[in-house]
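Enquirer: Quick mapping for you: the protein sequence lines, in order, are chains A and B.
FYI, in the UniProt record's numbering the residues of the first sequence are 1 to 176.
FYI, in the UniProt record's numbering the residues of the second sequence are 1 to 344.
Some hints here could point you the wrong way.
Stated by the list, open to error - What follows is a set of in silico ranges between Cβ atoms, one per label pair, in the way DEER data are often shown:
(1) A:Val79 <-> B:Arg107: 20 to 30 Å
(2) A:Arg52 <-> B:Trp25: 52 to 62 Å
(3) A:Pro128 <-> B:Leu229: 28 to 38 Å
(4) B:Leu245 <-> A:Val79: 26 to 36 Å
(5) A:Val78 <-> B:His253: 17 to 27 Å
(6) A:Ile98 <-> B:Val127: 22 to 32 Å
To be verified - Chain B is nowhere near these chain A residues, computed Cβ spacing over 12 Å in every case:
(7) Asp12
(8) Thr13
(9) Ala27
(10) Phe49
(11) Leu59
(12) Gly68
(13) Tyr75
(14) Gly86
(15) Phe101
(16) Phe118
(17) Asp141
(18) Arg158
It is worth saying that the hints were derived from the structure and are not from the lab.
For every residue, glycine included, the Cβ atom is placed at its ideal position computed from N, Cα and C.
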Amino acid sequence: MAKRYGLLARFDTADALVAAVKAMHQAGYRALEPCTPYPVAGLPEALGFTSRWVPVMALAAAIMGAVGIYFLQWYSSVVSYPFVVGGKPLHSWPAFLIPAFVIGLLSAVVGSVVAMLFGNRLPRPYHPAFHVAEFDRVTSDGFFLIVAASDPCFDDSRTAARLRELAAANIVEVPA
Amino acid sequence: MMRRMIPVVGLVALALCVVGAMLDWTAFLRSWLAATLTWGALPLGAVAVLMTHNMTGGAWGHASRHVWRVLARSMPLFVLAMVPLLFGLDELFPWMHPLDELPETVRHKRLYLNEPFLLARWLFYVVIWLGLAWLLGHRGSQARAVAAPGLILWVLTLSFFSFDWYMSLEPAFYSDVFGLERICAMVASSLALGLLVLVPCVQAPIRQDLANIWLAVLLGWAFMGFSQLIIIWSANMPAEIGWYLQRTEGVWHWIGRLAFILFLLIPFIILLSTPAKQSRRWLRRAAGICLAGYVLHMQWMILPAFEEWRPAQGWLVPAALVAVGAGFVWMTGRGLECREACHG
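So that you can see chain B by itself, here it is in the shape it has in the complex (with noise of 0.2 Å):
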């Protein structure tokens, strides 16, 4: 019944986003953007569970590991959404602005920040991506051999693109670990997806393994994101701590808080304890507070960066959301699905 609708949900939700499209460009793009990138983390991030189980082995991925291939496999549906933002690069990126319209900063970065190398890269991760995601969503097989020289691209590429398509938003920030920490989050994020469909179908062992594999990423999450705050609140230079305040003005500083406390703080509270690492109903609990938690801190990310709060925003973010967010359920939903067989 629920997985029937969910087709009929994204569709109307999709509906929606064309309307939008029509009424309001500019806020179409932002409202998508958003959502794009938050559901990408799913198969970026399990690509890259999928490669570190390649290179360590161990039971939990053997366990698992079906769960991580089906999301790999939506990789393509990634790329398909970016498609629709090729489209208007200019209304995204403000660096796209005239030269002489730009502060001096951001000009010097205009070598690197242009639109035909901008699509270069883009291309260049979406093929990469997509070669792994095929080798190792398809076939399990090859995929032993691509772990390593994959992983090593993966964090390269993740990290431009987390500089092209987060950070050039803003384009005079600029944070050297910013991509790690956009890394973090997304496995995070990924992790938390698959523990919330695997907890019911794995043993306790593996449970625990795959709660401790995941409290790890977060605690990687807090580190990179701690490690920023404090050298660029430190620092206060303007063009960086614009940055913060931008995301401290308004209702941004509590939706901040609250992605915080969702993303990080409940979830590190349960995974202390050891029994709720192996407690079906605990793991879940914590899997879905931080999947909540991640789509806040996501908009959260996003949408302060661009200057003022267009009304159509207001529920065209909540319609591409559940858009792109259909698209995924219903493209992994029928994977994951069959498995749940292994309930006894």
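Chain A extracted, bound-state conformation (with noise of 0.2 Å):
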């Protein structure tokens, strides 16, 4: 028997796809991808996903750039070369507050992006599913999900014929 990443079954709709992952998570299958043309409100509760580090990478990173933009700040103008501009103080915080809110502002940006990246396991420029020529629907009408073989409770018929239960439009085999 050739070797296969899993198997991937299209659904017609987004509701179906999301009763299914539901119903697939609860049997207790995890190695779950579902893929759909665009974000699916519920998928990622039936996946029972939960982000907590993206919104905490971008407040570290917030913090970091903050932090770091403000010492510079007063690195240079205190330390390194402490000279006196229109009678203010060599630490004039206010004007220090708006560089190291800025770069805050884009650390935090950056940190969520590339916490985002990780992730999601990105850039991916290689992935089994595209052996599938139906998978090219993903980008318009085809709302798939792909069942890893890899998942402690695939099964080869059992998971195929639970898949056609949950109302798959069709099931295919991929490749490894």
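Assembling the complex is the task here: the two chains are given apart, and the hints tell you how they should meet.
Expert: What follows is the structure, encoded as structure tokens:
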């Protein structure tokens, strides 16, 4: 028997996909990969997905960026090159706050984008599902669910039968 | 039990204020001004929230409408509370001194800052605000049409009201953004009070929407306040920086910092977290802390404007706050009470 990655099931509607994901998740499947043309409401909840570390990463990046740039300004104008401008104190916190705020914001955005990419295991130029011609429909009207064979619950005949019960329009085997 | 105590406490505080007014008229006026402006933010902010919802729609407004309407209906009390101040304008506003005693910058402002014009403007603002509050608070059906022109009028009148009643206490000081900063502070405090009342009886998504709006207004306030600070601090002109110097003298320095931490910093940190925006307990904490900070912030805004601290102000400021506040709570409390049945 040829090596394979798993099963690819296509659903006609987003609702059917969400219902199927919910049922598969409840049945104990964990290696589930839904693929949809647009973000589907309720899908993360159906997968039992809770994201905690993207906001945490964004906050950490924001604090690091803001503190870093504030330190840079303080160091350069108080320690490294003290120079009085316009009679202002060397440590002019109102002026320092603006770059700290801007860089903090930028770091938060960059941090959350990087965390999102890592969390999604992106960039990923190759995926076994690309071998299936039908998978092209994921960018137009196909709602797909990939069940990986590595899942401990995975069983050749039973998994396919279960997906069919859950109103899958078509089920294809994904080669490795 | 608590509810029945409110009129009693309010009347006792009011009696104290009357005694204070007879003992030291100037100290009474200052304290009363600070208290009135502090509490006046509630109806003024609520009117803006209602008009904004009439413009944008959204589930958050349908769920919270009754609270803003009740707050808006307390507008007449704000107007009434301002009346005693009209009899003491010469004590409150330094620009009413004889012309030759005034510094030159202020002398040029007398075309705008003079008693009849101030009173005429006040009457104009009050008529507009009472009209808006009446339309929005009592006439739900006609309120939609009034939202867009009403908001424009609201921003303009409040901006000039802030110039008249806050900024002209130190007539040499001028800042463009002052009115917008006041507007943001008023709406933020009104939203905080609304959240404090609403949090137990609305769903989590509504709580999050309201918290997001509130956070946006708070950040708007921070933006306006900081713009004013950075411009005045950079230019360092004697007439303008004096406003900040008055407010960093002695104990005001620490009150100002504490007010900033309570009004903005702690609520901001709490509201960073999405689960906290939906949590009943955290939202109530944030709103309560913000309101405490707001009251402090208002005293920091108004009271350092007057040159010397009169001993009677020590007890008149809290007494006036309690007296006017009890009036507002008594007037709005009944409207908010009957809706608490929606708990379940």
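Enquirer: Does each hint hold? Answer for all of them.
Expert: Hint by hint, here is what the structure shows:
| no. | hint | result |
| --- | --- | --- |
| 1 | A:Val79 <-> B:Arg107: 20 to 30 Å | 47 Å, violated |
| 2 | A:Arg52 <-> B:Trp25: 52 to 62 Å | 60 Å, holds |
| 3 | A:Pro128 <-> B:Leu229: 28 to 38 Å | 58 Å, violated |
| 4 | B:Leu245 <-> A:Val79: 26 to 36 Å | 28 Å, holds |
| 5 | A:Val78 <-> B:His253: 17 to 27 Å | 22 Å, holds |
| 6 | A:Ile98 <-> B:Val127: 22 to 32 Å | 41 Å, violated |
| 7 | Asp12 | 29 Å, holds |
| 8 | Thr13 | 24 Å, holds |
| 9 | Ala27 | 29 Å, holds |
| 10 | Phe49 | 15 Å, holds |
| 11 | Leu59 | 7 Å, violated |
| 12 | Gly68 | 19 Å, holds |
| 13 | Tyr75 | 21 Å, holds |
| 14 | Gly86 | 7 Å, violated |
| 15 | Phe101 | 9 Å, violated |
| 16 | Phe118 | 20 Å, holds |
| 17 | Asp141 | 30 Å, holds |
| 18 | Arg158 | 38 Å, holds |
Checked against the numbered hints above, the structure violates hints 1, 3, 6, 11, 14 and 15; every other hint is satisfied.
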